[in-house]
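*Asks:* These are the residues of each chain, in order.
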Amino acid sequence: MSSPKYGAAFINRQSFIELDARERATALLDAGTSRELVGPFDRVESPWLPMQGVTPQEDDGCVVMKGKIAGQAAVVIALEGAFQGGSMGEVSGEKMTAALDLARADNEKGIPTSAVILLETGGVRLQEANLGLAAIAEVMASILALRKHAPVICLTAGTVGCFGGMSLAAGLASYVVLTREGRLGMNGPEVIEQENGVDEFDSTDHALVWAIHGGEQRVDMGLADALVDDDTPQVVDAIRRLVLKGPPPVHRSSQVSLYRRRIEALDASRQWDPKELRALWTSNGFREDKR
Amino acid sequence: MSEYTGVRGTVWFRALTGQASPMPGDPNSVLTADAPLGSDRARFLCVVPDPHARFPCARHGEVGLEEAYALAARVREVIDSDQDAVKRPIVAIVDVKSQAYGRREETAAIFLAAAAAADAYGSARLAGHPVITLVVGQALSGAFLTHGYQANRILAFDDDGVMIHAMHKAAAARITRRAVQELESLAKDIVPMSYDIRDYAKLGLLYKLLHVESPEKPSPQEIRNVQGELIAAIEDARRSPVDLRNRLESKGALEMRKASILVRTKLEAQWQEG
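Chains as they are written, first to last, in this note's numbering: chain P, 1 to 291; chain C, 1 to 274.
There's no promise every hint is true.
Unchecked claim - Pulled a few chain P residues facing chain C out of the computed Cβ check, cut under 8 Å:
#1 Q52
#2 E90
#3 L102
#4 Q127
#5 I136
#6 L168
#7 A170
#8 N187
#9 E195
#10 F201
#11 I212
#12 R252
#13 S253
#14 S257
#15 P274
Just so you know, these hints were derived from the structure itself, not from any lab. Cβ coordinates follow ideal geometry from the N, Cα and C atoms, glycine included.
Go ahead and model the full structure; you've got the sequences and the hints to work with.
*Replies:* What follows is the structure, encoded as structure tokens:
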């Protein structure tokens, strides 16, 4: 019990995970600068959920907040994991796309504006199916257009994680920040088990789930840029540092030949211990370009 | 329908390029070729099933790790070589049932592989390449995000063999806790949930729906017609902005995406205040 890990800092920390989307967005912006856009009082709700007997929410589970981070203009777009699993519908998707486009337009006008996207989502909202998928494609297009000018930072703190189509959005980001509780992957364990059987992925094997998708693994493999504790000041500090850093010279999703070589070198005839890949991908010849 | 995945992809790749083989160093599941299209020499790409693929979860026409990175590399090749030249068109022929659902894929970060392919297509579009998608069969979920959904213009055949959707019926029913029949009847009233390509066309995301009498065995005349439509789409893309605004400004979107348009209008107005 006297382990320093559980000392005063641990006891007194301010959990970020326990904050809802609106509180998270406010916490990331400099004190007194945040202003919510198209908030709950604008009442732009999903037109598709009531048709299916599902209660919509006044913000459709997506909070857009403009303000400053480290003194620079920024927009934070936060998905609320507690509403429909953070899924992307028509309205939440368009909020994200439009906010990214407005940030890009400001950059083009000479006002440096970065974007922070808080992803707690399983991907497409199946009740809005094709409009959700289209929204994700448009979010991805807008991230690509904005990241040339200013960093687009994706943060997944937990507990939902970032899965489905929105994991591609995270893949396009300038930087990805994760907690140990945050997970990042394209197909969740349950989906893989359903599609290809329990031998392929036993979704009840929690150790396996975290070993593959967990924040620590993703950061150590070089797939994400910062691992932070579930501590609000630490999260805020990591985001500030990345905003001030500006966009990387080469984005991770553009390093095609490196990743192609990494995949080619894998023995596809067997499953791997996730730790093997950490060692392999950080070894000589497989290191990522300096970011 | 799944047993036909890839048949149409190969048929149309061959019809439009005169061949159907991978480029050296690429997996057998990714076909790439340069072929004349109007006055251009276009690059065509297609993902097809390879029962002997290295990764076991990518042997039935899924887009897996190798497929995604091969697409990314072949699209980037065009961007790099045309930096100071006329931007050649890129045509994605789409007939993909899904992304690869596997443990190896997750461990080796298929999310990044898929993002890399989307990055390449999207970057090509932003660089001024007309990127045209031709959906000849299935275009499902993450596979479509990876291969096709970043295009300036999307064209699709209008028959029952074509399906653009977020998730196949059985899985969507399971996850939303509905019977497949219930899902189908809901899909009749709720256009974005429909599995019918003619309903998808109402959303305003498509540039054009094309009718081909025999999509698995097209006649020379049908092939010429499709080529003509692709050329028209390329010309239209070259005249237009490189972003995806056409999808929200279309006639269909004015009707079906009213909520999106409202969000954008309000956000633009409120962005400047304060």
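*Asks:* For each hint, tell me whether it holds in the structure or not.
*Replies:* Against the structure, the hints:
Evaluation of the P:Q52 hint against chain C yields a held restraint, the C-beta minimum of about 7 Å falling below 8 Å. Taking 8 Å as the C-beta contact cut-off toward chain C, the hint placing P:E90 at the interface holds, the least distance being around 5 Å. Hint status for P:L102 relative to chain C: holds, with the closest Cβ pair at about 5 Å, below 8 Å. Checking P:Q127 against chain C by beta carbon gives a least distance of about 7 Å; that is within 8 Å, so the hint holds.
A distance limit of 8 Å between C-beta atoms decides the matter here; for P:I136 the minimum to chain C is near 6 Å, and the interface restraint holds. The interface hint given for P:L168 holds, since its Cβ lies 5 Å from the closest Cβ of chain C, which is under the 8 Å cut-off. Residue-level restraint check for P:A170 holds (minimum Cβ-Cβ distance to chain C is 7 Å; threshold 8 Å). The beta carbon of P:N187 is positioned within 8 Å of a beta carbon in chain C (closest approach about 5 Å), and the interface hint is therefore held.
Of the supplied interface hints, the one on P:E195 holds, with its beta-carbon coming within about 4 Å of a beta-carbon of chain C, less than 8 Å. With a cut of 8 Å, the hint placing P:F201 at the interface with chain C holds, because the nearest CB-to-CB distance is about 5 Å. A hinted interface residue such as P:I212 counts as satisfied when its beta carbon comes closer than 8 Å to some beta carbon of chain C; here the least separation is about 5 Å, so the hint holds. Interface restraint check for P:R252: the shortest CB-CB distance to chain C comes to about 7 Å, inside 8 Å, so the restraint holds.
Hint on P:S253 holds. Least Cβ distance to chain C is approximately 4 Å, under the 8 Å limit. Checking P:S257 against chain C by beta carbon gives a least distance of about 7 Å; that is within 8 Å, so the hint holds. Given hint, P:P274 at the interface with chain C, holds; its Cβ is 5 Å from that chain's nearest Cβ, closer than 8 Å.
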